[in-house]
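*Asks:* Sequence:
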Amino acid sequence: MTDDTNDIDRTDSSDRSIKPSSGHRASRRAVLGSVAGLTAASVGSTGVSATFSSSVSSPTVEGPIEGGSRTGGPLLAAPHDLESYGYVEEEYFIAGEARHDDSFIDGEQAGETSEYKTRVLVYRPKRRRDFNGTVTVEWLNVSTQMDAPVAWPNAYDSLMRNGTAVALVSAQKVGVDDSQTDQDLVRWDPERYGSLHHPGDRYALDIFAQAITALKPRGWDRWDVETDPLGRLRPDNALATGHSQSAFFLLRYINLAAPAYGVVDGFLPAGSPLTTARTDQAPILWFNSEDEAGGLEDFSENGETPEIDIPTSGLRLDELSIGPRDDERNFVLWEVAGASHVNNWLSRWTEAVRRRDFQGLEPNWDPEAAGDYGQQPDGTYGECGYNYFTARYAWRAALEQHREWVARGDRPPRADRIERTIDDEGVTLERDRFGNAEGGLRLPPLDVPVATYDAASCDLTGRTDRFDAARLDRLYPSHDAYVTAIRTASAAAVRRGHLLPSDARDLRQRAADSPIGE
Numbered sequence: 001m002t003d004d005t006n007d008i009d010r011t012d013s014s015d016r017s018i019k020p021s022s023g024h025r026a027s028r029r030a031v032l033g034s035v036a037g038l039t040a041a042s043v044g045s046t047g048v049s050a051t052f053s054s055s056v057s058s059p060t061v062e063g064p065i066e067g068g069s070r071t072g073g074p075l076l077a078a079p080h081d082l083e084s085y086g087y088v089e090e091e092y093f094i095a096g097e098a099r100h101d102d103s104f105i106d107g108e109q110a111g112e113t114s115e116y117k118t119r120v121l122v123y124r125p126k127r128r129r130d131f132n133g134t135v136t137v138e139w140l141n142v143s144t145q146m147d148a149p150v151a152w153p154n155a156y157d158s159l160m161r162n163g164t165a166v167a168l169v170s171a172q173k174v175g176v177d178d179s180q181t182d183q184d185l186v187r188w189d190p191e192r193y194g195s196l197h198h199p200g201d202r203y204a205l206d207i208f209a210q211a212i213t214a215l216k217p218r219g220w221d222r223w224d225v226e227t228d229p230l231g232r233l234r235p236d237n238a239l240a241t242g243h244s245q246s247a248f249f250l251l252r253y254i255n256l257a258a259p260a261y262g263v264v265d266g267f268l269p270a271g272s273p274l275t276t277a278r279t280d281q282a283p284i285l286w287f288n289s290e291d292e293a294g295g296l297e298d299f300s301e302n303g304e305t306p307e308i309d310i311p312t313s314g315l316r317l318d319e320l321s322i323g324p325r326d327d328e329r330n331f332v333l334w335e336v337a338g339a340s341h342v343n344n345w346l347s348r349w350t351e352a353v354r355r356r357d358f359q360g361l362e363p364n365w366d367p368e369a370a371g372d373y374g375q376q377p378d379g380t381y382g383e384c385g386y387n388y389f390t391a392r393y394a395w396r397a398a399l400e401q402h403r404e405w406v407a408r409g410d411r412p413p414r415a416d417r418i419e420r421t422i423d424d425e426g427v428t429l430e431r432d433r434f435g436n437a438e439g440g441l442r443l444p445p446l447d448v449p450v451a452t453y454d455a456a457s458c459d460l461t462g463r464t465d466r467f468d469a470a471r472l473d474r475l476y477p478s479h480d481a482y483v484t485a486i487r488t489a490s491a492a493a494v495r496r497g498h499l500l501p502s503d504a505r506d507l508r509q510r511a512a513d514s515p516i517g518e
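1 is the number of the first residue of the sequence shown in this note's numbering; add one for each residue after it.
Simulated from the structure, these hints should not be mistaken for lab results.
We put the beta carbon where it would ideally sit given N, CA and C, even for glycine.
Hints are not guaranteed to be accurate.
Computed spacing ranges between beta-carbons, pair by pair [claimed, not checked]:
| no. | residue 1 | residue 2 | range |
| --- | --- | --- | --- |
| 1 | Arg129 | Gln359 | 35 to 45 Å |
| 2 | Arg408 | Gly67 | 33 to 43 Å |
| 3 | Asp468 | Gly67 | 46 to 56 Å |
Using the sequences and the accompanying hints, generate a full structural model.
*Replies:* Following this line, the structure appears as structure tokens:
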């Protein structure tokens, strides 16, 4: 068998030079419903670049913030290493007057405003020469009644290695001062966060836009360098991402706020089957898992259909499904086969943060263990909450491909859609002989399988069913056969543009360290 991994090794280790070559049966609750408020403009596009508008206000910036009575640092501080990447972590407060969403819907430039004060948690290179010119801004998810990043935990390694600045924005009221479980910033540490206040999610679009203007000012000559959240780094591009509920808000931002503001140069919404975004504002790479391909399960615990507070849109979690949207000039959809809405890597990262922030324990973040994909026999198999599929690799490739698209015009490679049947009964995902989804963006653990990755059975968290020893022996009669197959599949995924070279090396090493075929 030909060893194709030389193609990987010849690729720049920073990943910056990556260039691609030219069933479950479910009446699952898709996150859809009345979309009139979200499809405020027609789908279809001509432009690519965002243009700045004077209509967005610049907030007052305070920081870096220090002190507090809990950990002495910010809620959600990174549990992983920053120093070896040459990065710093700093938190800033931004304050101002935010516009009500109705002003976008009614086409009014003025209208109701309300005061707010929230936080932005920033990760940036210490040295200007290490900065690649892009700041990725994540709309923090609050589905668990507290701020929670998704893109950052999945991709911190590649983002920092490639020199991207990252900002995590507390854009919604639940995360700032209204958690039903007392996990918001103000209740978590009143000494540090007691001055924060949020007027409600009907002001969130404008708050998010103002956060971006704090990171990428319209006029550098008017900027106060003493409180610059990026430490005098001057970004060329600001990219916005958000997962699940946050993706709904990003969709609303794209369709309503982006035409008025133009402060975002590209969007990467994730974890939402509702992809009805206008595409005349900025390039969109949409990132979904099997859960979204099949229609999301009900987010509520009691089986009721909850309403998501996205004002005036009428959006609900209804018994509806939608087929995948076709790619367009400024819209690319990646559906990642094997991935669940929440993956094991993300769950373990979140556990580490919660151990420190809420229990006062060492975070014990272990990326080596969290990164297993079923190749080791001692995982937690057959139980909900442990989908070991390597979704983080796809996240990293997506963020880097999106950055290249916005910065250089290099459109991301296409990916097949997950194969499915949609009928009156719901959505059926087609399965291969190993029980894994057919089609979709496929990473090596699906092409060279050691497990079935089930995204459907466990309320968004999935599970992993590792093959028994007899089946593994039949598939891989020797350890070398398995490692060689992984190397070949990894090289092919790198050439397709769906896997970064650094992650191909990580996967190769994990395969080599496994007992499969021995």
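*Asks:* Just tell me: holds or violated, for the beta carbon distance of arginine 129 and glutamine 359 against 35 to 45 Å?
*Replies:* Holds: the Cβ-Cβ distance is about 40 Å, inside 35 to 45 Å.
*Asks:* Taking 46 to 56 Å as the stated bounds, is the beta-carbon spacing between aspartate 468 and glycine 67 within them?
*Replies:* Holds: the Cβ-Cβ distance is about 54 Å, inside 46 to 56 Å.
*Asks:* Using the beta carbons of arginine 408 and glycine 67, state whether their distance is inside 33 to 43 Å or not.
*Replies:* Given range 33 to 43 Å: holds, Cβ gap about 42 Å.
In summary, this structure violates none of the numbered hints.
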